[in-house]
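Going down the list, the sequences are from chains D and A. For the first sequence, the working numbering begins at 1 and goes up steadily by one. For the second sequence, the working numbering begins at 220 and goes up steadily by one.
Because the hints were derived from the structure by calculation, they are not lab data.
So the derived label-pair ranges between C-beta atoms look like this:
#1 D:Leu68 x A:Ala580: 49 to 57 Å
#2 D:Val38 x A:Arg718: 48 to 56 Å
#3 D:Val38 x A:Pro730: 34 to 42 Å
#4 D:Arg180 x A:Thr506: 49 to 57 Å
#5 D:Pro64 x A:Ala580: 46 to 54 Å
#6 D:Val38 x A:Gln644: 41 to 49 Å
#7 A:Asp261 x D:Ser186: 49 to 57 Å
#8 A:Asn770 x D:Arg180: 27 to 35 Å
#9 D:Gly62 x A:Leu551: 21 to 29 Å
#10 A:Arg727 x D:Pro164: 52 to 60 Å
#11 D:Gly7 x A:Arg314: 57 to 65 Å
If you want the ones that stay clear, here's a sample from chain D, every Cβ over 12 Å from chain A, calculated:
#12 Arg137
#13 Ala199
#14 Arg206
For clarity, every value in this text was computed on a predicted model and none was experimentally measured. Idealized CB from N, CA, C, for every residue including glycine.
So the chains spell out like this:
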Amino acid sequence: MQTIYLGICSTFLLLSLPPEIGRFELREANLLLAFLVVQLVAVTYLTSAFASSELALEGEKGLPDLALSAFSPHAVAVGKLASSGVYASYLVVVGMPIVTLAAALRGTALGTVAAAGVLIIAVATAAGTWGAWLGGRLTSDFTRSFVHWAMLAGVFVGTTLLPPPWSLANPLRLLDLIVRDGWTVSLAVVAAGYATAAAAGGMLIRSYIASARLDAVES
Amino acid sequence: MLITLSPGPGSIAAPPSSIIAASKVGYGGRVRMGGWTPVWIDIVAPASGLDGTAAVASASSAGSPGPAVRYSTPVRAAPGARLRVFIPAIFYDARAPGAIEIEDAGHTLTSLPIPRLRPAEELIVALSSEALGAEAVAVRVERVEVAYVAAEDLPPVWQAYEGVRLLVVRDLDERRLDDAQRRAVQQWVWAGGRLLAMPSGDDTRHLSGPTLASLLPGVTAGRVDGTASARAVFTLAPRPGSERLVGGRGLRWQHGRGQVMLWDRDAADPHARGQLEAVRAWEEVMTPGPPTALPDLEPTLAPLRPVPTRTQVLVAVLVLAYVLAVRRLSRLAASARPAAIVLVIVSAGLATLIAARVAVAARHEASGIVASIVVINLPGTGSGLVHMLARTVTAQASEFTLQAPGGLLLRPAPASGVVVEHGRQTRVLGIGGGLRLAGSGVMPVSITGSFARLPAGEVAVVANPSGVRVEKPWILLAGRAQAIPEMSGDARVPLDAQRWQARDRLQRTEPNHQLLLWAFSLLESDAILKTTPTWLVGWVRDPALGLRWGNRAESTPALVLVPLAAR
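Given only the sequences and the hints, what does the whole structure look like? Please build it.
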């Protein structure tokens, strides 16, 4: 799956190579923004889809299996939080050369790429953690996928309906801000907000594991 | 001794400072907004000497918040030395034109705001110690203003005469002009300027001086006795190609793209002022000649800058190799061994560094200019009029330096945030792509030619002593064009009557088909050029016209238009 992810990023990069430089004169940062949006959406989807078991990943266990394991609820929650964060970071890191190429071709400061990477990791980790919780909470594949997609739509589209300054919770809008202004306080606040959301997802996972074991004992 | 009769309130740019002793902007303070304007700065070097730049920071047009355009020139002076510096600049805001700045080793020593300018669409610039009596005619008939200037204030670059409809030379002390100023007058006329020369009372020495002698349509051959005029009237011996002025006061001729007129008497005759004959004479010389401005080159600019395919292939191969490498390494990482994970991270880091290097190289190759350059040979001058438009192509935040030959002034558009340095070379420093640079200049061109209809057929004879290679040449004749072989020296080219093509039905040609069609259209529509029916049109890569993008020479070919004289 990561090969497809890198393939999408590479295709996007190759389409914007030098012939386009002359055509558009690279006055617009839109191409880099579009590239980062593709990366954000891809990393967020892949992280949450693997965590929610919508996509299968070798070695990745769902919450129902982990509920039967010897790990404590806290360890499972931390583990899921960590696996989402590590996987999102991994995707961002392996995509970094291609993003760097896309950004440097346009003369954009590489700090922009780093700031975007931080945001993407924060958003994808939160989505992954909540996706993992959904994977345990909803047993029906259809319902799980539906709610998973609804959650992603909420993050990417629903947050645009928020009034300012809450609308900055929309990661696409924030990416636009990053491409234009680089690292900002808003980015730090929103990234912290998504990290908090990830921690909240971890709390839900912990609570789910605890209640699942209680149910198993009672039954 | 020449005096400035009406210097105008804006002629002194700013109160003198300890470093800027005096400054003059425009012609008697009058400035054509958006046109090249002469700025003279008298500098007294500080006690530590001076090794820096003098600059005019010209504010963006009113209402535009963009940063100023800096027109600068290098300055070096010993401690306490006085020197006079010329800077050609373009002003966009008459109310707050900008400032004059002196910098030494990167530090601003002084900055003086330029007072409000007096905008004028067109001017008559006069070198005369006495009023010429042309003011009333100029305002009434042509709505132009007359500015009297001192000889030493004439610009040393011909482009700074932009906005000058007529240069009147009545008094001229050659000792107060340098060679650059003389050459500028000549080149301005070649490029389309209009010059009127006349005796100053009994004095005609300036008419045979080095500035005017080669430009004038005739020479003074002695005084005419017994005239009613209070001042001397001279007999003029015409040169071949000249003609009498309609009013009978003198001679005129076409010189290059410009016109030169010579009067046989002094116009500063208070008794003749206001007389019908004098008024009509002024009206005749003030009437603009055929338009000399050339059409816009923007439609001829290539839409994109060709980039070597190898750059694109290199990037594609590297990206593909990286994706495949990650695919293999990720299998290793799946084993969750710390060493494998570290290997993946280190590999990604290394690949990121390589990507950054590759991107810089690709950007360098993809950045540069697209340009259309035309050189019109001016018969009898040994020179060509250069008309150029370039557009920068670069990444959004990339700084660039474009270098052009010193005689080529580059006008930036949009006029904001650019530094234009004038010295032995013209350099433009800016950031980002999309900047247009309109250039004009007069350069030596040694290609000449002739055309003859012989019993055996039509023949073009080209003299090319410099040996510069003329690529993909064409002969244009009465709306028809014929491709001829390339030439790297003198050539005698028989023309095939069967190979003429309608010039608007030509197959697409390289390197710039649109510019070729632009030139064909120009040669048939321009009032001055179309008087010559036969032209040689071809591409040359002359180093004298070379542009440099950073350290890289750009190889944009120039289209040379050479009139072929009928034999």
